[in-house]
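Q: Those protein sequence lines, which keep their order, are chains C, B, H and Y. Residue numbers for the first sequence follow my numbering, so the first one is 1 and each next one is one higher. Residue numbers for the second sequence follow my numbering, so the first one is 1 and each next one is one higher. Residue numbers for the third sequence follow my numbering, so the first one is 1 and each next one is one higher. Residue numbers for the fourth sequence follow my numbering, so the first one is 1 and each next one is one higher.
Bear in mind the hints are in silico, worked out from the structure with no lab data behind them. C-beta atoms are modelled at their ideal positions from N, C-alpha and C, and glycine is treated no differently. Be a bit skeptical, because a hint or two may be false.
In silico lysine to any residue, SDA-like type, Cα no more than 20 Å apart, as pairs [unchecked claim]: (1) Y:126 - H:96; (2) H:123 - Y:148; (3) B:169 - B:36; (4) H:267 - H:96; (5) C:175 - B:36; (6) B:107 - C:113; (7) Y:81 - Y:62; (8) B:85 - C:178; (9) H:123 - Y:2; (10) H:267 - H:122; (11) Y:147 - H:67; (12) Y:29 - Y:59; (13) Y:126 - Y:155; (14) H:267 - H:67; (15) H:123 - H:103; (16) Y:147 - H:96; (17) C:175 - B:62; (18) B:85 - C:192.
Cβ-Cβ distance ranges computed for the label pairs, FRET-style [as the list claims (entries may be wrong)]: (19) C:94 - H:11: 50 to 60 Å; (20) B:300 - Y:154: 23 to 33 Å; (21) Y:278 - H:240: 34 to 44 Å; (22) H:302 - C:94: 49 to 59 Å; (23) H:130 - Y:318: 57 to 67 Å.
If you want the footprint, here are the derived chain Y segments under chain H, 3+ residues with CB under 8 Å [claimed, not checked]: (24) 78 to 86; (25) 195 to 202.
Residues per chain are reported as follows:
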Amino acid sequence: MYAAASDPKRARLAAVQRLLREPLGVFGVTLVVLMLFGAIFADWLSIYEPNKISPRDRFQGPSWDHLLGTDQLGRDLFSRVLHGGRIALSVALFSTLASLVIGIVLGLIAGYGPRWLDNLMLLFFDSIKSFPTVMLALALVTLFGPSLTAVVIVVVLVNVPGYARIIRTQTLALKESEFVTAALSMGASTPRILRVHVMPNVVGPLLILASMDIPVVIAIEAGMSFLGLGVRPPTPSWGAILNDGFTAIRDTPWIVLAGGLPIIITTLGFTFLGETLRDVFDPRLKGRG
Amino acid sequence: MTAILEVKYLEVTFRVGPMMRRQDLLGVAGVSFDVNPGETFALVGESGSGKTTLARAVNGLQPISAGSVTFQGQRVDTLSVREMKPLRRDMAMMFQDPVGSLSPRMKVGDLVTEAFRIHRVEADLQSETERLLSLVGLTMDFAERFPHQLSGGQARRVGVARAIALNPKLVIADEPTAGLDVSVQGEVLNLLGELRERLGLAMLIITHNLHVVHHVADRMAVMYLGRFVETGPTEEVFSAPAHPYTAALLSANPEPDPDKAQDRITLPSEVPSLLARPEGCEFHTRCPWAKDKCRKVVPDATAINGRRVACHYPLDEGARPPPKKEPS
Amino acid sequence: MLSYSIKRLGLAVVIVSVAMLMLFSMIYLIPGDPAAVALGPRATEAMREALRVKMGLDQPIWVQFWNFFINAWQGDLGNEVLSDRPVATVVLEQLPYTIALILGGISWSVALGIPLGCWAAVKRGSWADRLVGVLSVAVIAVPSFVVAIYALLVFAVTLQWLPAIGAGEPGDLGDQLVHLLLPSLAVGLGWVGYIARMVRASMLEVLEAQHIRTARAFGLPDRMITYRYALTIAILPTVTLLGVGIGQMLSSAVFAEIVFARPGVGKLVYDAILTRNYPLVTGTVLVTTVIFVLLNLVADLIVGALDPRVRSRF
Amino acid sequence: MTVLAIENLNVVFATEGGDLHALRDVSFKVPEQRIVGIVGESGCGKSTLINAILGLLAENGRIASGSISFEGEDLAHLDDKAIQDLRGPRLSTVFQDPMGALNPVISVGRQMRNIQYRSDLARAEKDARSIDMLRQVRIPDAAQALKRYPHEFSGGMKQRIAIAMALMMEPALLIADEPTTALDATLEVTTIELLKDLQAEIGCSVLFISHHLGVIAELCDDVVVMYAGEVVERGSTRQVFGNPSHPYTARLLDCDPARQSERTRQLPTIPGELPDLRRRPEGCIFAARCDRRMDVCAAIPPDIEVVPGHVARCFLAESQ
């Protein structure tokens, strides 16, 4: 009622300012930027080859030479953690993006298409979701063998039903809304209605929810690699480092620390960032998922 | 003069209920009327009377189960979406919620010219925006605003501009004053009246507000449970309602004058469910004058003083006030 | 309520069937000959052929699926490769350990999460609310296997307060409970956060509702409004969430069982993958899926029983 | 005797764009056993006024000055617990939306029993009272109705149940916040008549909020006209509707299409928009939209008593 006229650009700017005023948001941004920086410049920052085996240096504790110590093959853990970040972040971004695209398309089809197709798709979404995540991952690995592709497919399969359902529900609601009916009565075609009237109203909230799923994806990658079902050795991955360390946890605890801390830092960073983003841009979504 | 819109024996059926107990519900139960060029016709009824469904059926947004809709001499109820599209240039519709019927992420400028884009009409959209906004009394500043930045009255004006963008012959307006304050309702009604004169529009107005009808409509129909109970020239219906339901509706809108004696007709009980339509005259469960015949025999619409009334015992002046009855 | 339950049960059956179909097509798509894989490289062609006939692989695909489908519904999930014992028996042996773990995890997270969420909602905007908020988000963010490993490192290796591996002596309930502590901490921690957040959010939503304002306007005491008017509604989404949550805990349980070297279905399926014991893998996945679907069903039925609106919709 | 007397009430909300002065110097009285109507369009401050009386202002709102005296106690300075003790037995409310007013997961009977939680009556006696109240609001089969849940009733019935609940403790004052707006016209009149009957029977006062001038004229003894957070005119309904002394009241009455018995193509309107209450204009709140604006209107007009009991906040109002 008292809404002052303001253009969206300024509103967006104001939102960013508000984000930077939230201590948690700043904390999240810092952690994320730190991890991104480490991952992007991994080659410059690491002194050692991440996969270089050096039997003389095995099981060394943290020192100035090896900031996080070395593992059972004498590989420098700091270098491996930086390169592992690359894997974790690129898997997270790529598979989230893929799930988003597939989820949006399927959701729009289910929401705007005929009833029977909607019901059929819902049944498939529900069935996929009825597999516990890790069980689904395990079943898929038996199919594809351990690989990053398997990780991406697992993530997509896990995310898509949820995303598609959100898009579908919102599309169904919008389909009944007066402004879509109004467009219909003006003679707008289905593609135009989806493009102009539906898409802009459903994608925004989903993007925020998806950004909050990035930590989950990182956890799936690390978890599968920990079980030896993700990346193949010797490729550095946080989960693989954890696995290396876990076998030797009694004598050399620094290896699990080196593998686990970046996971914690990254997931916390993305979560705090995502939460704050959501509160700032779309307070209605609070507490969902 | 041939009617621009002709509706004959129109029926709309809905399937409702869970899968096992699916039932057919008659939302609009066989109505006929026509609208002449330049004329304003009003459909009046309370919630659940089927007036909005009827409007949507006329506009081809709601499939019909029987009857016909003829627009400018062409049957439209049998057309496919694609075949219907060119006709939509001549038949515009305005929806109830002033703000909610505007796409929330489009600017007013794009909203008012959307019809040009949909129908691929070559035009200078910038100057069209200017023309349309000034027609409805808004300045060009509004072109850059989003719907949530408009007041109810302003949003309604944008809705009007959208409807008249391609110079339609018929405008269907569903509750044009809904959600607006009294001081703003007049503005919108005046605007519609003005445009009607200037552009020679025919209008079909759907509303529950009888006073609105009184000032804008040439002819009107009163709906109850999906049927017309009374149809006729507005002036005459207002001065001497013949159907008890019309009379009750009229008396249910008290005038803001404490000194006016209110011959109130109070209707007992509530509107029956469309799934359990009463026998005989469907209004008998609430009619203060109901007699035995009303409970058994369905009344036909009969012509009385240039009106059509579906009642066994239509009211004349002397029939009021209603017989006193214990409230049930 | 009865027709609602029947309908919901029917849906569960259909979902499990579709899940079976998916699982079956997955097995079918596995590259290579399952018989060859099962028997190893030293088997003769005749042995492979015999096994193929035994496993029904010589039949057309739809017959294979139909047999798989019918057998699975009857509880026959085939025999596992190593010992040739029925998969169902093997899985059922391991199931109680996993159920105990999940019950441990869910009960402490519910016991802590619901009061925390309520408290945060009632004290909305206070430092307590903010603290609960940050902590919930933090524990949700950290993956459960990292929690498991670190808990093992701290409490079992460094401090040596709690046992590191195994499920405890059979028959010794106290020992088994002690062995359950760390794993259920690991699987439950994130859920404390989920539940607290969910309860807080739905409490806040309900507290804004018109009927709560009406209840206040009638002068009802705050305690009655919070616990009898608001929480009874706010708890409903949490019940649904728990249905999903217990299922997702099956995932965390896999990690917890591996990290703490506990018996259970998670450990079972992991070992089966490493030994390429495919019938055991699909059998276990199927059993856990059925459990998951059943839990969701139960959650929905509970919501139906608590909410008259849901009951009447069917 | 006066049940409710509001004196110079000011309510301010802290918003991002600065303080929003939602109510300015609001004064009026609700005498015993009278029905007082508050009329105003959206944004006039009706809801804020009710919330201030009930002690249910949003967290960012506060009573900046003034008093709300109810049966001798100042609600503006009472602590939450004390106000809560008044709500229900002395001061009760019916809200606009019948759909959301009742708790959806608690049976009607139990909700009605809960309202009587202060009483020592046995459960059966409380239920008997509930049944009695439901009969009074003409709910068919009242005993059965206790076992049912709100969604099983129609909108009109829900609103009548809400009225029954509000009047169950026989309060001194009933606040009715647009109780009939969501209802159809024919239901609206029956509900209003019901309210009138119950008021006479219980002998309480009613503060009836509505934007519907006809309903106010029909139901209320006195009327208070609000615009943008101020009371621009108040008096008996006959005085105010018969001799509107503030230009806003006069124009508002003109706008009601029900007043034009003659058919007209040009309906009267009030052009312009509500002022932004974060930057409240210096002088008369209505000046920007007033067609009888004068130079003096740059100052806040005094409350002028036209005849005893009939007050208008306008320089043009004249004492007679």
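Q: Looking back at the hints listed earlier, which ones does the structure fail to meet?
A: Of the numbered hints given earlier, those the structure breaks are 1, 2, 5, 6, 9, 10, 11, 12, 13, 14, 15, 16, 19, 22, 25, listed in rising order.
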